[in-house]
Amino acid sequence: KAGVTQTPRYLIKTRGQQVTLSCSPISGHRSVSWYQQTPGQGLQFLFEYFSETQRNKGNFPGRFSGRQFSNSRSEMNVSTLELGDSALYLCASSGHESTEAFFGQGTRLTVV
Amino acid sequence: AQTVTQSQPEMSVQEAETVTLSCTYDTSENNYYLFWYKQPPSRQMILVIRQEAYKQQNATENRFSVNFQKAAKSFSLKISDSQLGDTAMYFCAFMKLNYGQNFVFGPGTRLSVLP
Chain A
7 KAGVTQTPRY LIKTRGQQVT LSCSPISGHR SVSWYQQTPG QGLQFLFEYF SETQRNKGNF
67 PGRFSGRQFS NSRSEMNVST LELGDSALYL CASSGHESTE AFFGQGTRLT VV
Chain B
272 AQTVTQSQPE MSVQEAETVT LSCTYDTSEN NYYLFWYKQP PSRQMILVIR QEAYKQQNAT
332 ENRFSVNFQK AAKSFSLKIS DSQLGDTAMY FCAFMKLNYG QNFVFGPGTR LSVLP
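Chains as they are written, first to last, in this note's numbering: chain A, 7 to 118; chain B, 272 to 386.
Chain B with its partners taken away, still in its complex shape (with noise of 0.2 Å):
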């Protein structure tokens, strides 16, 4: 079975400063992808990044960006130039290859924004 883990349950940061969010999972299939959902006061789950575990290079969307470690099974989100609505839960999610949409999410970092 597989496990993802969010070790900081809250996280806070200074408008236009960088945070990293951290991230491990535990599996033993070699073929998989690992998410970044945010959800914010709204309760709607929303995509923020997609890493193909089959991909060396590091996903980046605009101001994400992740840290895709395949060997250590580590996975964290680096959010640069922070603004006040990317205050939100952030659920780190693992998904298996070919196994249909079936997600394993961590437990969640709650992150704010300050201005």
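In isolation and in its complexed conformation, chain A is listed as follows (with noise of 0.2 Å):
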């Protein structure tokens, strides 16, 4: 069974424009959720979708926003990037009613 693929692994944008990553779970699960990895703020939640609905949601600004596609593919976006969103974004993905979430390798943004 695939595991969690987050693509690309690598990004390099500039200030002010905007990125979007992309995660696709283990087959067959409905849940994935996305945070956010910083040396200064650790590992922080941004939010999660199961069903193409988001359910949870961090305390991340509006700039940070994602969806879900009905085979489950995740994707996030942020707009106007900033020199802090430099960071690792992961995503998990996790099955029905499971407690355990599957991570992907992540996808190492960094602006300039």
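Just so you know, these hints were derived from the structure itself, not from any lab.
When the alpha-carbon atoms are kept at most 30 Å apart in a straight line, the in silico BS3-like pairs for lysine-lysine are as follows:
(1) 367/B <-> 341/B
(2) 326/B <-> 349/B
(3) 63/A <-> 326/B
(4) 349/B <-> 367/B
(5) 326/B <-> 344/B
(6) 63/A <-> 19/A
(7) 367/B <-> 326/B
(8) 367/B <-> 63/A
(9) 341/B <-> 326/B
(10) 344/B <-> 367/B
(11) 63/A <-> 344/B
(12) 63/A <-> 341/B
Just some of the chain A residues that point at chain B, by a computed CB distance under 8 Å:
(13) 37
(14) 48
(15) 51
(16) 56
(17) 61
(18) 96
(19) 100
(20) 105
(21) 106
(22) 107
(23) 109
(24) 111
Just so you know, these numbers come straight off a predicted model, no measurement behind them.
Ideal Cβ positions, reconstructed from N, Cα and C, are used throughout, including at glycine.
Now that you have both chains on their own, put them together as the hints suggest.
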């Protein structure tokens, strides 16, 4: 069974641009959640999608948004990038009513 | 809001020895899960062990075991017979029951296993 796949693995963007990250969950998993990891703030929850609906949302500005498609693949978008958005973005998927989350290897975003 | 604290930013242990990583949390919830995840240099988070708060028995997974003290809101991880492959960042995490996939992570402990 393939694991959680995140693309791209690395990304360099300029301040003010926008970026879209993709996450393909494990087959059959309907929950996808996103986390931002930085040295200063650690791991912070961004949002969770379940069956194409946002089920939970963290404390991030509206520049951070996401969506989930009918095949459970999810994308997150960050608009008007700031230097502080440089981070490792992790996504995790889980099955129905399962507490075990499987993480992808992350997308390393650098904003210059 | 829930918070998770890991008071040991870095630890080291000799190969084959035992080490304990500390975690405390704060919540007003009664039903929740606690987890330990490890993040090796490859960056991929890997589940080490999971504990349901309603279970009094401490969880064990091979060389990994926890000491769960619900009243004290403490959840420590013991690694026995440490191996070089255990070198990683270890994160303690909290999740409310029936609230979706929404982890609250601690700041992490960097564990180095020395040969």
